[in-house]
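Peer 1: Once you have looked at the hints, place chains B, C and D on chain A.
Number of protein chains: 4
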Amino acid sequence: MSDLHEIRDAARAFRAERDWEKFQDPKSVMLALVGEVGELAELLQWLPAEKARSLLVEEPLRGRVADELSDVLIYLVTLADKLDIDLAPTALAKIQRSAEKHPVAKVHGVAPTRTGGRLHGAKGTAQAQATPGGCP
Amino acid sequence: MSDLHEIRDAARAFRAERDWEKFQDPKSVMLALVGEVGELAELLQWLPAEKARSLLVEEPLRGRVADELSDVLIYLVTLADKLDIDLAPTALAKIQRSAEKHPVAKVHGVAPTRTGGRLHGAKGTAQAQATPGGCP
Amino acid sequence: MSDLHEIRDAARAFRAERDWEKFQDPKSVMLALVGEVGELAELLQWLPAEKARSLLVEEPLRGRVADELSDVLIYLVTLADKLDIDLAPTALAKIQRSAEKHPVAKVHGVAPTRTGGRLHGAKGTAQAQATPGGCP
Amino acid sequence: MSDLHEIRDAARAFRAERDWEKFQDPKSVMLALVGEVGELAELLQWLPAEKARSLLVEEPLRGRVADELSDVLIYLVTLADKLDIDLAPTALAKIQRSAEKHPVAKVHGVAPTRTGGRLHGAKGTAQAQATPGGCP
Chain A
0 MSDLHEIRDA ARAFRAERDW EKFQDPKSVM LALVGEVGEL AELLQWLPAE
50 KARSLLVEEP LRGRVADELS DVLIYLVTLA DKLDIDLAPT ALAKIQRSAE
100 KHPVAKVHGV APTRTGGRLH GAKGTAQAQA TPGGCP
Chain B
0 MSDLHEIRDA ARAFRAERDW EKFQDPKSVM LALVGEVGEL AELLQWLPAE
50 KARSLLVEEP LRGRVADELS DVLIYLVTLA DKLDIDLAPT ALAKIQRSAE
100 KHPVAKVHGV APTRTGGRLH GAKGTAQAQA TPGGCP
Chain C
0 MSDLHEIRDA ARAFRAERDW EKFQDPKSVM LALVGEVGEL AELLQWLPAE
50 KARSLLVEEP LRGRVADELS DVLIYLVTLA DKLDIDLAPT ALAKIQRSAE
100 KHPVAKVHGV APTRTGGRLH GAKGTAQAQA TPGGCP
Chain D
0 MSDLHEIRDA ARAFRAERDW EKFQDPKSVM LALVGEVGEL AELLQWLPAE
50 KARSLLVEEP LRGRVADELS DVLIYLVTLA DKLDIDLAPT ALAKIQRSAE
100 KHPVAKVHGV APTRTGGRLH GAKGTAQAQA TPGGCP
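Chains as they are written, first to last, in numbering that gives the first Met the number 0: chain A, 0 to 135; chain B, 0 to 135; chain C, 0 to 135; chain D, 0 to 135.
In short, the hints are calculated from the structure, not lab data.
Check before you lean on any hint, since a few could be wrong.
[As the list claims (entries may be wrong)] Here are the computed distance ranges between Cβ atoms for each label pair:
#1 A:K100 x C:A12: 27 to 33 Å
#2 A:P102 x B:H4: 24 to 30 Å
#3 C:E58 x A:P102: 54 to 60 Å
#4 D:Q95 x B:P59: 22 to 28 Å
#5 D:V103 x B:S53: 31 to 37 Å
#6 C:R11 x A:D18: 20 to 26 Å
#7 A:P102 x D:D83: 42 to 48 Å
#8 C:P102 x A:P88: 42 to 48 Å
#9 A:D18 x C:Q95: 29 to 35 Å
#10 C:R61 x A:R52: 38 to 44 Å
#11 D:K105 x A:R52: 52 to 58 Å
#12 B:K50 x C:R61: 50 to 56 Å
#13 B:M0 x C:K50: 41 to 47 Å
#14 D:E58 x A:P102: 48 to 54 Å
[To be verified] Here are the simulated DMTMM-like pairs of lysine to aspartate or glutamate, each with C-alpha atoms no more than 20 Å apart in a straight line:
#15 C:K50 x A:E20
#16 D:K21 x C:E49
#17 C:K21 x C:D66
#18 C:K81 x D:D66
#19 B:K100 x A:E16
#20 A:K81 x A:D2
#21 A:K100 x B:D2
#22 C:K100 x D:D83
#23 A:K105 x B:D18
#24 B:K105 x B:D18
#25 D:K105 x C:E20
#26 D:K81 x D:D18
#27 C:K105 x D:D66
#28 B:K100 x A:D18
Where a beta carbon is used, it is the ideal one built from N, C-alpha and C, also for glycine.
One chain only, chain A, in its complex shape:
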């Protein structure tokens, strides 16, 4: 069975057993997701960028991050469920579209930007804003 479906079903059962479905309209679930994203951000905020990964894979941070990642995922799956969106095929198709939008030959080693410039890896162009368009 798809593991995203398994999480969806477990969350659905959790809500149904508690009669909590009624509180979870889309905007409320969205705000709950924002709350969990905030808790995740708090775990990362003051970590020095270059040491962040090595600090995050050790306890006690590791367990807390796993917890918050889970909370974000659960609300994301819940929101998708309420809108009858099947997340797995949708996300895989999105990666496929991003791959077509950013051909390897054009963007290898260079983060594309929304302002048409380049931020990384290109001489003399570091001033531009770097926002890959929805790429993973």
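Peer 2: Using the frame of chain A, we list chains B, C and D on its own:
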């Protein structure tokens, strides 16, 4: 195969082919996730709460929401991947712990709150803040 | 004295006295702001939309919301300070530009949308996505 | 006149002239704020941490960041306005309370953490999570 692993692997291949792994330290991926959460929020923000679901399941909103949900999921899976966290078992275990923390007999039809009060479904207690503790 | 400058100066003194300036690079302050936005969202998430305002203006929610609004503002002012951006004239100019972009004659009672449709207040157009472009 | 009041009044007039007050219940304004925070995050996300400040103070990034900071501030002021909260004295009082909570003698050069450990500046304690409690 687990579909979360499938998304993880597709995102990993996408980054590797473009030599983009180097830009994606944890704090940068976290900010990218926040950016996508913001785009999702923009799709919901002005919808009247009581009509939100019915508007969101129809095009053109439906496709756009599916897109943004995918982007959030892809960055979430990417962040977990970088920290060697396996999201599916972690999220399922989290739902299990939430279920134990909020026994059906105690919370049926009532949203638990962090201030010890009750927001919904309980007479005379509507003043309290309602934040289920990490429940799905 | 400008009150935004007063908050900026108090936050600056707070950091200087504690030698905390060094931890607060822009991306870290941004994540701290996201953390506080998350805490604010948690206070609103399960409130029924139509009762949210009346619940939020009463204690104990009122004091907690004031606290979180303050935290968001403090980090926002801090981020602007680090980038030498003077928030008050910038924000007032932004409202002025939004006013020119959304002429009263065209948008009265109707939320403009990014998809060119209308969400509220217009017959037969409720299907569109409503995202006023940065309007206050 | 207080500049936060000036922004509040300009935003109020903007909404009143367009008859948009009716769309802006607290949860909707909160989601709009999240949308603007997301746009701000997108401007910072792929910047190398150690060059972020110097890239952000130059155009074209500088103007875009000023714009997004303004949008976040405008929605923050709007939300406070709707809840009759006067942001300036509230934020100044919050900094004062943070200062009492984090005495200079105890935290000089060390980021306090929620797990009781220390992240920066203390020998052998770098494993802890660093979340200053609401400090500016």
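Peer 1: Please go over all the hints and tell whether each is borne out by the structure.
Peer 2: To see whether the hints hold, each was checked on the structure:
1. A:K100 x C:A12: 27 to 33 Å: violated (47 Å)
2. A:P102 x B:H4: 24 to 30 Å: holds (26 Å)
3. C:E58 x A:P102: 54 to 60 Å: Taking Cβ atoms as reference, E58 (chain C) and P102 (chain A) lie about 58 Å apart, which means the hint holds.
4. D:Q95 x B:P59: 22 to 28 Å: violated (49 Å)
5. D:V103 x B:S53: 31 to 37 Å: violated (56 Å)
6. C:R11 x A:D18: 20 to 26 Å: violated (50 Å)
7. A:P102 x D:D83: 42 to 48 Å: Check failed, 54 Å falls outside 42 to 48 Å.
8. C:P102 x A:P88: 42 to 48 Å: holds (43 Å)
9. A:D18 x C:Q95: 29 to 35 Å: violated (49 Å)
10. C:R61 x A:R52: 38 to 44 Å: Cβ of R61 (chain C) to Cβ of R52 (chain A): about 41 Å, so the range 38 to 44 Å holds.
11. D:K105 x A:R52: 52 to 58 Å: Because 29 Å falls outside the window, the suggested range is violated.
12. B:K50 x C:R61: 50 to 56 Å: Once the Cβ atoms are compared, 29 Å apart, the range 50 to 56 Å for R61 (chain C) and K50 (chain B) is violated.
13. B:M0 x C:K50: 41 to 47 Å: holds (46 Å)
14. D:E58 x A:P102: 48 to 54 Å: Because 29 Å falls outside the window, the suggested range is violated.
15. C:K50 x A:E20: Distance of about 18 Å is within 20 Å: holds.
16. D:K21 x C:E49: holds (11 Å)
17. C:K21 x C:D66: violated (25 Å)
18. C:K81 x D:D66: holds (15 Å)
19. B:K100 x A:E16: holds (14 Å)
20. A:K81 x A:D2: holds (17 Å)
21. A:K100 x B:D2: Cα-Cα ~23 Å, so violated.
22. C:K100 x D:D83: Given pair K100 (chain C), D83 (chain D) is violated - Cα atoms ~28 Å apart, limit 20 Å.
23. A:K105 x B:D18: At roughly 12 Å apart (the allowed maximum being 20 Å), D18 (chain B) and K105 (chain A) satisfy the hint.
24. B:K105 x B:D18: The hint is violated at about 52 Å.
25. D:K105 x C:E20: holds (16 Å)
26. D:K81 x D:D18: holds (15 Å)
27. C:K105 x D:D66: violated (24 Å)
28. B:K100 x A:D18: Cα-Cα ~16 Å, so holds.
The structure does not agree with the numbered hints 1, 4, 5, 6, 7, 9, 11, 12, 14, 17, 21, 22, 24, 27 stated previously, though it agrees with the rest.
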